[in-house]
Amino acid sequence: MKILGLFFIFLSSLSVGALLSHKTKFTLIQLRSVIEFMNHIKSQIEYFNTPVNDIYSQYDNEVLNEFVSNISSYGWEEAFEKTPKMYLSSEAYERLIKFGSYLGKSNKEEQLAHCNYYIEMMEDEYKKLEAEAPQKTKVSLALGLGGGLMLVILLI
Amino acid sequence: MVNKKILSCLSPQIKEKMLRYPIINEIRMRKNSPLCFTVGNNNIITDHIVSEGEIKFSVNAFCKNSVHTYFDNIKNGYIPFDDGCRIGVCGKAVTEGNKIINISDISSLNIRLPSEKSIIADELIKNLRVDSGLLVYSQPCYGKTTLLRKIISFYSSPPYNKRIAVIDSRNELIFGNGETISTVDVFSGYPKAVAIDIAVRVMSPEIIVCDEIGLNDDTNALMECRNCGVSLVCSAHAKSIQELLKRKNIRYLHDMNVFGGYVGISIKNRQRSYEYKKREDVLI
Numbered sequence: 001m002k003i004l005g006l007f008f009i010f011l012s013s014l015s016v017g018a019l020l021s022h023k024t025k026f027t028l029i030q031l032r033s034v035i036e037f038m039n040h041i042k043s044q045i046e047y048f049n050t051p052v053n054d055i056y057s058q059y060d061n062e063v064l065n066e067f068v069s070n071i072s073s074y075g076w077e078e079a080f081e082k083t084p085k086m087y088l089s090s091e092a093y094e095r096l097i098k099f100g101s102y103l104g105k106s107n108k109e110e111q112l113a114h115c116n117y118y119i120e121m122m123e124d125e126y127k128k129l130e131a132e133a134p135q136k137t138k139v140s141l142a143l144g145l146g147g148g149l150m151l152v153i154l155l156i
Numbered sequence: 157m158v159n160k161k162i163l164s165c166l167s168p169q170i171k172e173k174m175l176r177y178p179i180i181n182e183i184r185m186r187k188n189s190p191l192c193f194t195v196g197n198n199n200i201i202t203d204h205i206v207s208e209g210e211i212k213f214s215v216n217a218f219c220k221n222s223v224h225t226y227f228d229n230i231k232n233g234y235i236p237f238d239d240g241c242r243i244g245v246c247g248k249a250v251t252e253g254n255k256i257i258n259i260s261d262i263s264s265l266n267i268r269l270p271s272e273k274s275i276i277a278d279e280l281i282k283n284l285r286v287d288s289g290l291l292v293y294s295q296p297c298y299g300k301t302t303l304l305r306k307i308i309s310f311y312s313s314p315p316y317n318k319r320i321a322v323i324d325s326r327n328e329l330i331f332g333n334g335e336t337i338s339t340v341d342v343f344s345g346y347p348k349a350v351a352i353d354i355a356v357r358v359m360s361p362e363i364i365v366c367d368e369i370g371l372n373d374d375t376n377a378l379m380e381c382r383n384c385g386v387s388l389v390c391s392a393h394a395k396s397i398q399e400l401l402k403r404k405n406i407r408y409l410h411d412m413n414v415f416g417g418y419v420g421i422s423i424k425n426r427q428r429s430y431e432y433k434k435r436e437d438v439l440i
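For the record, the sequence lines run as chains A and B.
Following my numbering, the residues of the first sequence are numbered contiguously, the last one being 156.
Following my numbering, the residues of the second sequence are numbered contiguously, the last one being 440.
By construction, these hints were calculated from the structure, which means they are not laboratory data.
Idealized CB from N, CA, C, for every residue including glycine.
Treat the hints with care, as some may be off.
[As the list claims (entries may be wrong)] Quick look at which bits of chain A chain B covers, simulated, 3 or more residues with Cβ under 8 Å: (1) 51-62; (2) 86-93.
[Stated by the list, open to error] Taking lysine-lysine and the DSS-like style, the derived pairs with C-alpha atoms no more than 25 Å apart in a straight line are: (3) B/LYS212 to A/LYS98; (4) B/LYS231 to A/LYS108; (5) A/LYS108 to B/LYS318.
Excised from the complex, chain B in its bound form (with noise of 0.2 Å):
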């Protein structure tokens, strides 16, 4: 059930579209093009045509009608949400150089809606040596985040009570889902490098939890913070451990012994399954 906060940015007719389906992944709007959902692995076209209007009222909504606010999140592609939802624009680029500086005319929004119940067992994260370091990969949108979110809340709760610096840059990791976070201080909307600098130095952290990494100053700061004994879970998109080691940052991260395991996800038959490999254990 897609929450109340979310339905309020979108038209009464991609509200009654959705009506049909109990679970949506993602809802793409699309300006003149059907509207479509992503339901599991499928996309859904539907025989809706989104207005230029719709995307406009959408927009606006998703910024509280606040474009200053989130200005720089439109030029960076995306526009953070509530309750851990994120909203990718697209639209045309008004560029200075290599800078963008403004988008114009918005024609594509991507609605990625938050997996809130996550069936991930305890045994699985139990299993997971983040001690040691551990990076999550999968493509996208196949529950990284999700597992992150577990991690967090797993070893943030008793017997653990670890303390943990979240890195939330995208607000995505972290939302009001009535669970105990005691222990966790979240640097939300930090550029990475910064937060993973001011966390190691000021929250004195057992774990930092970063998503989606794989940026220079990423690597630099994430190497600095390891060799400060702070243990690291992280997320990053590749479909396999080989393509993941191909990216230039992660293969030097590997290198450096900064992360003790990997986990893999993939999807088979709608149902998630989750791949450990040590460090050692990884081929190349």
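Only chain A is shown next, with the shape it has when bound in the complex (with noise of 0.2 Å):
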């Protein structure tokens, strides 16, 4: 019952640790994909015109479904706060939130340079989270891995 326990234990640790692991991915496929979501915007405005509530409401994207379908009902603040699933940085929050606050609110060529701006800044984000991910998953991982271990040891 003891080593059933003590492996119970071992197991939740790595779990915790495999789970942070795939969070980091994760992001960065959010990340990618909000970059994605941006791109389109400023595409949609570069070529057609197209109004900003036109462009989320045709938007289709996996990742990015629920927290698009949010901008176009509560905008860009409120979506953050009714999308659970977010796993962006505080950073990339407040600036996804001033990208949005300012779409729609001048003529074409300020509305490319704001997207301009702003993927810029994202992307320089993704890179640098890009980066960092190999270690950041390998951290999780090991301290999980060694967490765990070190419970079991204890508990021994």
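Build the complex from these two chains, which are given one at a time in their own frames, with help from the hints.
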């Protein structure tokens, strides 16, 4: 019974590590999708002058569907609150809110400059995160494994 | 009854004032001035003072929160809206040479509500000789666009089933009123001259319908079009046929036999009347 309990504790700790590592990977996927969404907005403005609400309602992306639908209904700031499964950094959130709040507020040239500025910032963040990701994944897994083993040893 | 989309672009105070009038033709909002309605030929001044915030809210809402989409339209003095409604915009122009590059400080809006249910008898349309070209004229807001809509609807339906190209530069002529328009091609938002040229080349229309003609470019395109054997149904602003023919470009089109007839619209005792004159009967 004790061995089974220890095994369960070890497994739980390992799962937490795996979950954290998965979150890092998913954040990367989400951030890439957000950048693609921003690029889509930019091209819709650049080539079609599409109204922003039409851009949101016509956009289809598996990763961001819920988020984009919430933007359409509640605006950017509230969309983050209404979408629980968003794993972006607080800086990324702030940038996206600023990005979203100025959309549709000026002429095409200004809108494009605005899009370019924020897309560039998000790209930088993505590159940084991408570079850190392998290390973060390893650390999360190692911590899960190490922490689990440590607990098991302590309990023995 | 004003449609819900338009109402959603107005402040609650303005909506409340509108309730008193079952039919409104125009809503006029001027910054820090009383809200006005045009009902028929009467201008009604209300006691509500329009604030800057109300104008900003309405501009944003009519632009669907997308100024970039309507920026060029705003520079040309209007915002096209759904269902044939057009919003006239007035403010301070920022210019570079003779070119308007921006409109700052929008101070007035004129919301023109479309006449959805036009009571124009089919008999009247039948008597208009569209095949030889037709020019509809009247003062602003007298129902030229409504008549053009009726002509489109009439000739695109059985038994005529004419191929019609509609040059709808300001997105006013065609709106989703449930009517069948299966033989109609709509050039929406194109510059008129470009659209007329494309329509003749690629859509082989029997009739081209075009609202508010009068510029040099339009004149050349209409001449080209007439020489290709396409009937033209157009509209222009003028109080009388004499006034109409004082306009250089219209006079040229008249001299070149582009229009076989003219329809003047006037309003007497709140009733529209339509006067059709053949080209030969026009005395100058």
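Structure-based check of each hint:
Judged by the Cβ-Cβ criterion of 8 Å, the region 51-62 of chain A is covered by chain B as claimed, because 4 of its residues qualify and three suffice. Against chain B, the region 86-93 of chain A contributes 0 residues with a C-beta closer than 8 Å to a partner C-beta. That does not satisfy the three-residue criterion, and the hint is violated. Taking the CA atoms of B/LYS212 and A/LYS98, the gap is about 20 Å. The hint holds against a cut of 25 Å. As the CA atoms of B/LYS231 and A/LYS108 are separated by approximately 13 Å, the hinted pair is consistent with the 25 Å bound.
With a C-alpha separation of about 39 Å, the suggested pair A/LYS108 and B/LYS318 falls outside the 25 Å cut-off, and the hint is violated.
In summary, the structure is inconsistent with hints 2 and 5 from the numbered list given earlier, while agreeing with the others.
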